[in-house]
Amino acid sequence: MDATCMRRTAGQLISSLWGWVLERGILYALLETPVLAIMGGIFYRVVPYRYALITILLAFMALPFWVSYRRQVSMNRDEPVHHLHKYALYSLLPGAVFTVARIPTHFLWGLIYWHPWYDFGAELTGAPLGQYSSLFPGALLNALQGWSIAMGFYVLFRRHSLINAVLYIGIYDSSLYSYVFPTYSRVGLQSPPLWHAVDVWAHVAMAFTAWVMPVFHSRAWPCLAGVSRAAAVALMAAIVLTPTGFAFWRATTWQFPTDESIDQATFNRPGLMAMKDGPSLQAVDLDARYKFTLRFGPRGFNNYFRQARDLDAAPVRVTGTLSHDGRIIAWCSTYVERLESANLVIAPQQFWPVFRRTQFTDIPVQCMGPASGAADLGAGSEVTVQWSAQMTLIGDRERQTREFFGRDPTQLSPGRP
Amino acid sequence: MDPGFWPQIGLLTLVFVLALIPTLANRHMERADRTTLIVITPVTFVIAVLPGVLVWGINKDSASYIVGGFLIVTVAILNLRFQPRTPTGD
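Line by line, the protein sequences give chains A and B.
In case it helps, the numbering used here puts the first sequence at residues 1 to 417.
In case it helps, the numbering used here puts the second sequence at residues 1001 to 1090.
Rather than coming from a laboratory, the hints here were simulated on the basis of the structure.
What you are looking at is a predicted structure, and each value in this text was computed from that prediction instead of being measured.
Just so it is clear, CB atoms sit at the ideal spot from N, CA and C, and this is done for glycine as well.
A hint or two may mislead.
What the hints assert, rightly or not - Cβ-Cβ distance ranges computed for the label pairs, FRET-style:
hint : chain 1 : residue 1 : chain 2 : residue 2 : range
1    : B       : 1081      : A       : 18        : 22 to 28 Å
2    : B       : 1054      : A       : 285       : 54 to 60 Å
3    : B       : 1081      : A       : 73        : 30 to 36 Å
4    : A       : 398       : B       : 1026      : 48 to 54 Å
5    : A       : 248       : B       : 1024      : 38 to 44 Å
What the hints assert, rightly or not - Short derived list, chain A residues pointing at chain B, Cβ under 7 Å:
hint : residue
6    : 159
7    : 196
8    : 204
Unchecked claim - Under 7 Å between C-beta atoms, here's a sample of chain A residues computed to sit facing chain B:
hint : residue
9    : 156
10   : 164
11   : 166
12   : 170
13   : 179
14   : 193
With the rest of the complex left out, here is chain A (with noise of 0.2 Å):
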């Protein structure tokens, strides 16, 4: 190949390019903004999401611009924006489709599909996970960026045809997902075979969704009159509308009162507060400071989701008495702001390591008494330990008040001089 055939090829290229860009690359980007927000803000956390949330105003406030500008300027009919009013349409349908598919894997093998719907509304609004207030912005956010993916959909593909929206959606947005989510969301959680496959059959069923709309709307709208026009758009806003009153319906009446319970058995499980290490003396001068731990545990339990959650506690008041032959010897106190807590992590590569290490966590008391009481005590002396433990106990959704007490009989351990 000579240097002015490739330079013709080179430019060639270079004008296919730019003029894909025009007609669809840059109406692409406009309206993939809410997934790249989500994937940008929550999943590889480059930008706080509500940040990220800024670029999807700033790229629907200029779409009226470039489509116009685009429509006023393109002699393409085939241009996606001389269609983008029907695709915004055929558009609503996908997303609720992905959503609808996996109401059945819910009642079969107990998957729930509008978990994540409480990350996305609290990351927008900072309510708390696990209630209304974060499931409905969640809810509206997953419905955009659904609608989203098929608009791609539709932009990116000349031809809508079956294979190209399994091919797009079907398989490269759910491989997208079931590598993303594991990787950067999905705390605490095991994702076995089966939630992938979930995962791929949903997008499998918003691709023909979406293969099917722009059929439909050519072959069987036209012929639709009526009763029977009206009844297609009615089956239609129903299936849009299913997937969040299912998730409200099911946060309602099982997701709830199933967390309450799982909160409640965590919260009355037997020796939740014990003492791991008797008092040891720790040293004598003007006083005589002792020490002993209490270790609180198992923490850790599954919630409804199956996410594996540490029981917490904030605060943690300790208070005590140490006595030797009926007398007193010294007085004990701790306060714990807040207990290390695996909760609070969120990366999937490093929440097993706290979470292992969160099982059990010790508390040190700090004890300390008038010197002459520890005159004649040594290793092995018999010494009580009275103990009361005051903490505000944090599951999933509930939090309970309670005081825990001890009255250990133990010898003084060896300490520090």
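Could you slot chain B onto chain A? The hints should help.
Relative to chain A, chain B alone:
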């Protein structure tokens, strides 16, 4: 290697192939569509998947994307080459 690696990759490959079977009935694809699929898959790999691979290595989740991407590129190339000709010649 994660014991769940091959079960996950095997099941995903099976589901992907099953999903492609109905597309044999409607598989018209233009050259630009093939180009889109061939370009978007590796570009997404580089931007979204490769950073994680460099940090944690290839695991069953990154392999899931690789399998899907390989299938997309292969099917796109073969489909365009062997699809029935349309009046436009594509």
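Status of the given 48 to 54 Å range, CB of residue 1026(B) versus CB of residue 398(A): 52 Å, holds
Just to be careful: measuring from the Cβ of residue 196(A) to every Cβ in chain B, is the smallest value less than 7 Å? 6 Å, holds
Taking the beta carbons of residue 1054(B) and residue 285(A), is their distance inside 54 to 60 Å? Holds: the Cβ-Cβ distance is about 56 Å, inside 54 to 60 Å.
Falls inside 38 to 44 Å, the C-beta gap from residue 248(A) to residue 1024(B)? 40 Å, holds
Taking the closest Cβ pair, is residue 156(A) under 7 Å from chain B? It holds, given that the least Cβ distance between residue 156(A) and chain B is near 5 Å, below 7 Å.
Satisfaction of the residue 166(A) interface hint, Cβ to chain B closer than 7 Å: 5 Å, holds
Under 7 Å, Cβ to Cβ, is where residue 193(A) needs to be relative to chain B, so tell me if that hint holds or is violated. Holds - the Cβ of residue 193(A) comes within 7 Å of chain B, reaching about 4 Å at its closest.
Outcome for the supplied range 22 to 28 Å, where the beta carbon pair is residue 1081(B) and residue 18(A): Hint holds: Cβ distance 27 Å, inside 22 to 28 Å.
Can residue 170(A) be said to touch chain B, with a Cβ gap under 7 Å? 5 Å, holds
Residue 159(A) was flagged as interface toward chain B. Is the shortest Cβ-Cβ separation under 7 Å? Since the shortest Cβ distance to chain B is 5 Å, the answer is holds.
Residue 73(A) and residue 1081(B) - C-beta distance against the hinted 30 to 36 Å: 35 Å, holds
Against chain B, run the beta carbon of residue 164(A) and see if the smallest gap drops under 7 Å. 5 Å, holds
The structure agrees with every numbered hint stated previously.
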